[in-house]
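Student: So the chains spell out like this:
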Amino acid sequence: MRFAPPNPLRIADRASGLNAVSVRSYNERLVLSLLLQNSSTTRLEIGEQTGLSAQTVSVLVRSLEQEGLVAKGEAQKGRVGPPTVPLTLNPEGAYSIGISVGNRHTDIVLIDFVGKIRFHKTLPNPQLAHGSNHSEFLETIASAVKLLPDAERERLAGVGLALPRRLSGGMDEEAYFKALQAEIEEQLGIAVFVQNDITAAASGESMFGAAKTLSDYMFFYLGADLHGRLVLNHQIYNGNSEVSFDVGIAALERDLSAQGKEVDPLWDRSGSWPDYGALVSDWEERLIAQMRASLHGVGQFVEIETVILSSYAPESICRDICRKLEAAAPQIKAIAGNIVPAPKAIGAASLPFSSRFMVSGN
Amino acid sequence: MRTILCYGDSNTHGQIPGGTPLDRYTLLQRWPGVLARELGKGWHIIEEGLSGRTTVHDDPIEGALKNGRTYLRPCLMSHAPLDLVIIMLGTNDLKARFGQPASEVAMGIGCLIHDIKELSPGPDGTVPEIMVVSPPPMLDDIKEWENIFKSAQQKSHELALQFEIMSDSLEVHFFDAGSVSTCDPLDGFHINAQAHENLGVALAREVEAIGWK
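Chains as they are written, first to last, in full-length UniProt numbering: chain L, 1 to 362; chain H, 1 to 213.
These are calculated hints, taken from the structure and not from any lab test.
Any given hint could turn out to be false.
Stated by the list, open to error - Below are the DSSO-like pairs computed for lysine-lysine, each with C-alpha atoms no more than 27 angstroms apart in a straight line: (1) K77/L to K213/H; (2) K72/L to K213/H; (3) K117/H to K150/H; (4) K72/L to K41/H.
Using the sequences and the accompanying hints, generate a full structural model.
Tutor: If you want it as structure tokens, here you go:
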């Protein structure tokens, strides 16, 4: 029997802000991961899925409640046995900022703990400076932080920065991202998480979007180019290969320009394109051919049943492409992503959440 | 049928504020009675409250029988198998004669938790669910009890935090009774009928939230 003083680690830290990253236990992350995956769960379900005892779950949930990350719902009565009390993530429990540098614009979003967009702004792309990893990133991030009301700033989990491969200028992407992260964090004092933009988009779709319940799928991002990521057992494989194909919106733009059509609407976030008629259908054919080729290649090693297509292009276009892909490849279920209007920025914003609150592999 | 043992002091016994241990709220008014009403069929609630009960101390004045630790084990054996043991003690440990800081009172609660775990009076010899309830803080004016509880008022405010630290450390359920009830001004450390009602209802919700299969 142990009569040493109790270890007050978990609850003595009662600051109203968020606990430091390092003290969050694996089990707390496990509980938060379950809540991120299911919009509502109960202590009983948590116990069943984690194998933790009711008392242990109770201690973890109480600590997460006190920190404001988890909220308790009304007891559900009327079923056989005792009523169950649903638990949900508290949307106001944590915030995150996501910045994605795109082909033409930079999107900045502020999301809450359940992935709802609280603010969204589109800015011109920041310019890179010589002798530094960044220049205007700092201003961009500072302006994003200013989007958050003062009272909620201490609940900011961090900033996620989604960058396209071309920004590393041929350098080793991982080393470049690490250096950039360190430089920004040092100057800003906020945790910054940097990742490849396509990987970030996949992680957003997996945390908040259409892929929430999927563990294995092929992820396509339709931007200026078409990009792909393979997701197996919730893990997004971020390989080194140059996986992008020139059949994206930039290719459509070239077709349209050649016909003297107006192309600006292709790049805005309004969610609708003018009726370009057959030009779009032709482009879609090529796009689908490329997606099928990719699926065929991957299919030699892994059986792919589901495809997620994410884009800021209008939802109707994405659904159309998915329908046509399913028609051409009947063994595939194709689902249009539902993270709009800036999937990469929201994906970027999911990075601080996954790093700080989730167990890896989810 | 699930069985809950409510193990406490005069505030579990149902002693009326300003009265003696013989002045007692009715069975249905006392918080274990309210808990039974709220949980409804399928639950058996055992009320085990004793005025003056401490966590682990033989009381040099009131007698060794007030020691919550020596009576707990036979009590658990009497009523086993138990699905849940609720412990609400601590106020009597703050009497000047014991000279204990709040953290030591929590250590006493820790002893009781260890004893329950060791005895394992749950179904099929398992450890039952254990819930620690910290008593509501005493009021500043405790009438003729002032000398008996010399300087206990301040410490009583620290019980909730110290009990919660102990509960977290030993991984058992915890509830702060001070979050739903207060002591009555008639003597400053007993809870009245309304507080019993509030506490019984709140504990029923906590018991349900445990997540029973």
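Student: Check the hint pairing K77/L with K213/H against an upper bound of 27 angstroms on the C-alpha distance.
Tutor: Given pair K77/L, K213/H holds - Cα atoms ~15 angstroms apart, limit 27 angstroms.
Student: Would the hint linking K117/H and K150/H be met if the CA-CA limit is 27 angstroms?
Tutor: Judged against 27 angstroms, a Cα distance of about 34 angstroms means the pair is violated.
Student: For the pair supplied as a hint, K72/L and K41/H, is the alpha-carbon distance within the 27 angstroms limit?
Tutor: With Cα atoms ~25 angstroms apart, K72/L and K41/H stay inside 27 angstroms; holds.
Student: Between K72/L and K213/H, is the straight-line Cα distance small enough, at 27 angstroms or below?
Tutor: Roughly 19 angstroms separates the two Cα atoms, so the pair holds.
Checked against the numbered hints given earlier, the structure breaks only hint 3 and satisfies all the rest.
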